[in-house]
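Engineer: Here are the chains, one letter per residue:
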Amino acid sequence: MSAPELVLVLALALGLTPPAPVDLTVHDVPSRPVAPGLAMRNLHPAASGGAAASASAGTSSSAPSTGSAPNAAPARDEASPEIHYRFNVGYGTDNGRATGADAATGFRGDPQRTLLRTYLFGDATFGARGLPTPSLNSYFAAAYYYDFLGATADSPFTTVYDGAGDARALSIRSAYAEYDPAMRGGLPVWVRAGRQFRLGAGTAHFDGASLGYDDRQLEVSGFVGRRVALYVDERTGPLGGGAVRVNLGRALGVPLRVAAEVLTFEGDLYTDLTVQLASGRLSALASARLFDQSLSDAFVKARLALTRRTTIFTDLSQKLGVAPVYDYVSGGEAGGLKFFTLPDLVRSTRARLGAALDATSELEIMAYGAATAVYGTRADAGPDRTGFDASSVELGAFCDLRPGGGMSLLGGYRVRRAVRPPRDEQPRLDDPQSAGDISYQELLADARYSLGPRRLTVTASGFLRYSEMQTPLAHPFSDVRAGLRFDIDTWVESRLRLKATYEVADPSPQLSPDVDTLQSVRVIIETVF
Amino acid sequence: MARPPAPPPKGRFAHALSSHAPLGCPSCHEPRPPGHEACVRCHAQSFEPVALATADRLGAFCAGCHQPRFVRTLPARFSHRLHMDRGRMEQQVGFHPACEDCHALAAAAPAQRSFATHEACARCHEQNASPHMTDCASCHDPAGVPAPVGRRFIRADLHFSHAAHEFDRVGRAIPCVGCHDHAADARTPEAIVAPAMTRCTQCHEDRRQSPQAARMSQCGLCHLLTTEGLAPRSHQLGTLAPDDHTLVFRRDHADSARAAGARCAQCHQGLSGSVRDSCQECHAVMRPRDHGVTWREQDHGLEAAAARARCVACHLADFCESCHSVPPRSHLPRAEWAIGHGRVARLELRACFACHTFEGRGSAPGCAACHARGIR
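Quick note, the sequences are listed as chains A and B, same order.
Residues in the first sequence are numbered from 1 upward in steps of one, following the numbering used here.
Residues in the second sequence are numbered from 1 upward in steps of one, following the numbering used here.
Hints are computed from structural coordinates only; laboratory data are not their basis.
Check before you lean on any hint, since a few could be wrong.
[What the hints assert, rightly or not] Just the calculated beta-carbon pair ranges, DEER-fashion:
1. His159(B) <-> Val89(A): 40 to 48 Å
2. Ala194(B) <-> Pro509(A): 53 to 61 Å
3. Ala254(B) <-> Leu306(A): 28 to 36 Å
4. Asp85(B) <-> Arg226(A): 15 to 23 Å
5. Gln91(B) <-> Ala302(A): 30 to 38 Å
6. Leu158(B) <-> Ser279(A): 45 to 53 Å
7. Leu306(A) <-> Gly24(B): 40 to 48 Å
8. His159(B) <-> Tyr85(A): 53 to 61 Å
9. Ala254(B) <-> Arg309(A): 29 to 37 Å
10. Ser279(A) <-> Ala254(B): 16 to 24 Å
[As the list claims (entries may be wrong)] These stretches of chain A come out as covered by chain B in the derived footprint (C-beta under 8 Å, 3 or more residues):
11. 91-105
12. 237-244
13. 254-260
14. 267-275
15. 474-487
All residues carry an ideal CB built from backbone N, CA and C; glycine is no exception.
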């Protein structure tokens, strides 16, 4: 069965109405006519002959002009296979100054204690296309972290690897081989086996196999495997899923795509339905997520280019039920997480509206406003709401200036105000929804200078964060944090890259009075081929 | 002896001049293109040998045709959008034209594609399509068409071969709309703009589409005079973001990353280059700039509370749990935590509820175990 036939069968299987019959006859462009009264056409016989030859040489309306290029690209068989790898070795050291003051708990820490943390980190990727046989791709990606001193419980520099006890880890993120004959002009069918990510109804990270058909009009794929556990959630049960994406642009004459994706894990079924419209000026997307056939999320976003210089964007998300297990907000009993109890936001609405203006080719300004309303209850046990799910209003503005000469300046400011109930006269622990930030402001700036690609880029950035906090147990208080960061990214030679970062920041004097002047230096040497 | 003038560039004749307009097209355009003989009919004296011999430079009369003017006679009423409407074309003329049917490789310069000539139009408009070729005013505005302003080619320095862009490195055909993406929607000639330089860069910096010798750093590949130096920003990918990586793009880049033909891997190295891996691989190796030295202990909680969806872009739930499974340093020394925890809770009670509930859950004790009757 040929590819077009397969597309047609699948389209019919999906219940799609086949498009109106298309005239598939190969027509010839009318040859140069005898044009009475326009003798000009014969004035330049060479030119007109050439044009006529070109026109009659078969550049028919429905055939690509593949035959007339004098220096056509090499045949596909001559395309060389590719190998690329990246390996980097990073060395980092974090340190802070023990102030000698009491900690937030009131305990006096040791002013001589060591806050130093020093470690190796980096990642390695390897990819090959067309090796060892044409149409075969392979990819490997891994990250590593090695703390020389091991995990330190009282460090302000925590890492995700501390839970492992020794803060040392090698994480293989991807390791797969893929057969994709479409890259050589063959059938648009691909198969992939090994460790891989799959983004769909949820993020699936698994060891298994994927199979798909993928052309411009239709994508059908499925996957099956066992979940990969990189961190403390050790579930490695079987999972599976699939996706169908259909481009209806040709059938409907509207640039519309629809997609359905499913994921099943431990007996639960997650579904994501998406409709996407992408015309020249308007881009819109609507999606719905279902958990065991119950609607849990709805999301709509749109972007419209009003003019060549003005763009408006908006998004609206509505949470209606428990989210899929791979969602950060799942948590609680539903997600089976043992330690992390960030409550489910069962019902909430978040809306955002913004606009961007390309004032000049060097200056872009973007501003937005957002509002979040939380009016639901938690799915799991506990207080009806907590300080994590307050309704809020946020405004922000960013400015990107590119004056040329390799300079780039980015500045931004945003302010958020949370709507929290006032503190009770009698503070109650079971009223945690009044705990948290009342307002939050952030000012950031980023200046970048570059000599060009693969040469030298220097970046300096800074931030200032100011928040007002309240809890049922204390009067509102303010919290200020500030920091600077400097980056150098340079290519020593064409395959060797050196990156260095220095950060310095002061933590919250209220919450971390025992330490200040947190500093971090990271140096990364990267080889790329 | 006077140097014979060069042939006039196309479209610099003052059609709208009051004395020319009433003449009508056929008076000069039969035969076409009109040579000096068409002018001689009225301006014979200007072509006298004496007049030409005494002119040490182009006089005002000559400059009427032989100097650049502001007004061109490009068709004022040509719609690419209409001519690329396949259904409509097939209804009217029995086939739909492709780009190369009108913009053929020029015979005089085979590397170039020509502007559409009257010959191309005549294939249909001489027969059954309207307007007819003799109806000049249907396409040509007698008042001329203002020359487009804005981006313009560096004509003396730039060379470009359409013929060399028929196929990419591995033999895939490069469609015209790959560069001239707005041409098919243009209703007027003025609406057609030259392809942005980022179009060139996207392919020429993609090793899968272009060989090493065709990188943007090879100035001489396109420029005759500018053969070395720093490439302007519009020519760059890599350490500087491309021009289309605007603030809005950064917000909505997921759509582009998932699209067929996404080229994120050109600059964001270490990726497999497959759109099937678009999101996770990138977000696994790139850390947002606000994830600084204070992020882990203090800042992330505020952001997670306000916009959790942003976290989900990179982190799965068990990533979060990995840190939250370890008691924070505020809980140390553990033996004394029971005494001191109240002071921390007063400041940031919300943080307690990231791991604890009021009633208690699993191995994490709750407040109610001790504070069932309230707090002191």
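Engineer: Are the hints correct? Go through all of them and say.
Structural biologist: Hints and how they fare:
1. His159(B) <-> Val89(A): 40 to 48 Å: Since the Cβ atoms of His159(B) and Val89(A) sit about 44 Å apart, the hinted range of 40 to 48 Å holds.
2. Ala194(B) <-> Pro509(A): 53 to 61 Å: holds, 57 Å
3. Ala254(B) <-> Leu306(A): 28 to 36 Å: violated, 22 Å
4. Asp85(B) <-> Arg226(A): 15 to 23 Å: violated, 52 Å
5. Gln91(B) <-> Ala302(A): 30 to 38 Å: holds, 34 Å
6. Leu158(B) <-> Ser279(A): 45 to 53 Å: Between Leu158(B) and Ser279(A), where Cβ atoms are some 32 Å apart, the hint is violated.
7. Leu306(A) <-> Gly24(B): 40 to 48 Å: Taking Cβ atoms as reference, Leu306(A) and Gly24(B) lie about 44 Å apart, which means the hint holds.
8. His159(B) <-> Tyr85(A): 53 to 61 Å: Given a distance of about 36 Å, which is not inside 53 to 61 Å, the answer is violated.
9. Ala254(B) <-> Arg309(A): 29 to 37 Å: violated, 23 Å
10. Ser279(A) <-> Ala254(B): 16 to 24 Å: Roughly 18 Å apart at Cβ, these two residues keep to the hinted range, so it holds.
11. 91-105: Result for this restraint: holds, n = 4.
12. 237-244: This one is violated; 0 residues, fewer than the three required, reach chain B with a Cβ under 8 Å.
13. 254-260: violated (count 0)
14. 267-275: violated (count 0)
15. 474-487: With 5 residues in contact (Cβ-Cβ under 8 Å with chain B), the coverage given for the stretch 474-487 of chain A holds.
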